[in-house]
Amino acid sequence: MKETTVQTDVLVIGGGMAGCFAAVKAREAGRDVVLVDKGYVSKSGETPYAGDTAVFNPAWGHDLDAWLTQVRTVGEYLNDARWTEIVFRDSYERFLDLRAFGVEFLEEDGEPVRLDHPLTQIELPDRDKFPPLVSQVVHWLPGWPAKLRKAVVKSGAKIIDRFVVTELLMEDGRVVGAAGFDVEGNATRVLRAGAVVMSAGGGGFKAVGYPTHELTADGHVMAYRAGCEVTGKEFLSPHHTNPEEPGWPPIYPVFASGHSAAFPGAWHDPEMVNAEGDPVPVRGMAWHGWIDAEWEAHEGRAPVLAAGPPDGKVRPLSGPGGHGSMLGHAAGGIVPVDDTCATHVPGLYAAGDSCGTCFVGAAYSGFGFATMHAAVTGARAGLGAAEYARSADRAAPDARGEAEALERALAPLRRRGGFTPRWTTQVLQNALAPYFVLYIKKEERLRAALTTVEFLRDHVVPKLYARDDHELRLAHETANMVANAEMKLRASLLRTESRGTHYREDFPRRDDPDWLAWVRLKDEGGVMTPFTEPIPEESRPDPALPYAQRYPMRLPGEEAR
Amino acid sequence: MAIELIDPELCSGCAACVDSCPMDVIRMDPDQAVAVIRYGEDCMMCELCIVDCPEDAITVTPFAVSPAVRSWG
Ligand SMILES: Cc1cc2nc3c(=O)[nH]c(=O)nc-3n(C[C@H](O)[C@H](O)[C@H](O)COP(=O)(O)OP(=O)(O)OC[C@H]3O[C@@H](n4cnc5c(N)ncnc54)[C@H](O)[C@@H]3O)c2cc1C
Ligand code: SF4
Ligand code: SF4
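Protein sequences, first through last, are from chains A and B.
Each residue of the first sequence is one higher than the one before, counting from 1 in this note's numbering.
Each residue of the second sequence is one higher than the one before, counting from 1 in this note's numbering.
No lab work stands behind these hints: they were computed from the structure.
Every clue listed holds true.
These stretches of chain B come out as covered by chain A in the derived footprint (C-beta under 8 Å, 3 or more residues):
1. 44 to 54
2. 61 to 71
Chain A regions said to be covered by chain B (calculated; three or more residues, Cβ under 8 Å):
3. 205 to 218
4. 421 to 430
Note that this is a predicted model, so its numbers are computed, not measured.
By construction, the Cβ of each residue, glycine as well, lies at the ideal position given by its N, Cα and C atoms.
My request is simple: use the sequences and hints to build the entire structure.
In C-alpha cells, the structure reads:
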C-alpha cells in the first residue's frame, strides 16, 4: 500500500467552519498549512447545515452584559464566562472575515438583517421573571460553505480531502503530527507538523435521522489519547427526529437554504402533543424541547406528536438516541488552557466543536452560537498554532513511532475476522439510544450501559476487522464512538445532580453547593478518570436569588413551583 | 432505504456526489464512468449529494431500514 510523508508548519484536522478559519489565519501568519478532512472540506461535518450565525456588535445596539446574562442563565452558570465574552467580542471580526471570503448574507438596505432569538416568539412559563433572550443572528445565503473552501484555497493552504486521521504523533510529550489513510484505497500518510489544530468536530453515535454520522468524536478521542483533558461530556444536544421517516425533513435543504428562518422555533417542537392529546409543557429557555418528549415517553404518554418543518405535517417524534453531536450546543470537548486554544499537550490546539471552551455551559442558549464559536476558536487556534510552529524547535522525526502508528491504522484490515464495525455500532446504539440511558439517567442504568461499553472496549474493539477500504474507516469510527460512550457515561455518573441538559432521576434537582463545577476526564495510567473543577467564584449565581428564579428551566416535578 | 437510485441514464460522471457524500456511500464505477451506490447501508439521508448533482440523477427517500439484531457479526 502506498505511503507518503507530508511536511508542514501547521496541520489542521477537519475542514468545517473551525478548520477553515484555522487554516486561513495560520496562512495569514505566514506559515505553511495542510488542511485534511475525511469528507470534503466545507461539505462535511455540521458546518454545511448551519443556516445562521450570531454576531455581537454594539453598533447594532447589542449590550454585552445582557448577552452574557442570557448565556449564564440558560447555561445554568456552567459557562466559562471568560470564553463567552471572547466569543462575543471576536464575532464581529469573524463576520467581516466571512464577508471578505465572499459569503453573502440576507440584507436589507445594505445592512444584514438581524433576527431575534426564535424563542422570544414562544409562550414560556414565567417569562417575565427571567432575563430576556437578547442575542441575534444573521442569515447567510445558500451556497456559503463553498466560499469557505475558496478562502482556504486562496490562502495557499494545501487541502487533502477524503483522508481519515487516526492518531496524533507524539514526541517528548509534544504533538508533532498525525497519521492516517485515504478513504478510497487506504494509502497511508504521515503528516509531520510544527503544530496541529484539532478541528474534527463533535461526535454522536450515528443516530438514524440525524445526518452527522461521520462525526464520531475522533478529535476528542485522539486528543484524549495524546494526554488532553476533555470536558462537558455529560451534556447533550437533544434534537428530535421521527421514526417513521427519519430522513424527513431533509436537514440540509431545510437549514442551509434559509428555510429554518421561515420556521422560527420549529426545532424547539413548541406544539408537541402527547398520546392523551394534551399539550406537552415547554420547560424553559434551553432550546430544542430538552427532555420534554423524553419525559412524556417515560411517563407512558408516547407517542408524542409534533408538526415540523418544512411542510408542517404532524408526525411522531423520537429522540435521536442520546447523541451529543452538536458539541457547540453541548458545551464539551478538548479543554483549552489559554485564549489561543492551546491544550494540555504542547503543539496541539483545539477549535470549534472539538474545543471544550464551555462557552455556553450546561445548555445551548442562543441560535447561531455554535458557528460563531467555531469561527472564533478556529481563528484563535490557527494563530496560536502558527506562533507555536514558528517559535518551537522541531523534533527529529521518529521513524519507528510513525511506522507503528500506520500499522495501528491498518490493523483492522489485516485481521481476517473478528467483529464488524457495523455490528459493533449497532450494539453500542442499542446500549445508548433508549431515552433512559443518556436522557433520563440513573446510576444503575448508567452502570449497566457502562458494563456493555467496557466489554466492547476491552473485548470487541481490539478485534474489529475491515473487509475493504470503506470498512477500515468504519472500524476507527466505531472504536472512537466506544471511547466517547465511556466518556459520556463516566461524566454522567460523576455529576450527581441535574443541570441544563443533564438530568438524573436519582438526583433530580440542581445542587449549587456541590456542583457549580465542571466535569473533566483524563487518562491516568490507561484508566479514564473523571474529576471536577469548580467554576470561578465570580461565576456563581447569587445564592439570595430564590431557586425558581435562579433556574428558568423547569425540570420534571418542578412544573408547579 | 435512504439513497435509492443513481440513474445511469442521467449521470454524466462528474463525480461531484462522490466528494459531497460525507459517508463514502457513492463511488465511481471505473468501467462505466458513472457514479454508483457502493455502501448504501451507510447513507444518512443528508441529501448533500442531491444538492450538488448537476443532472438531478440521485433519488434519496426519507426511510431507513435497520438491520436485524444478531448475536455477533
Ligand atoms: C442540522 C444542523 C443545523 C445547525 N444549524 C446551526 C445554525 O443554524 N447556526 C449555528 O451557529 N450552528 C448550527 N449548527 C451547529 C454548527 O453547524 C456546528 O457547531 C459547527 O459548524 C461546527 O463547526 P466545526 O468546524 O467545529 O465542525 P464540523 O463542521 O463538524 O467539521 C468537522 C470536520 O472534521 C472532519 N473530521 C472528523 N473526524 C475526522 C478525522 N478523523 N479525520 C479527518 N477529518 C475528520 C469532518 O469530516 C468534518 O468536515 C447546526 C448543526 C447541525 C447538525
Ligand atoms: S444522502 Fe448523504 S449520506 Fe446518503 S448518499 Fe447522499 S450524500 Fe451520501
Ligand atoms: S453528481 Fe450527479 S452527475 Fe455527477 S457523478 Fe454524481 S450522480 Fe453523476
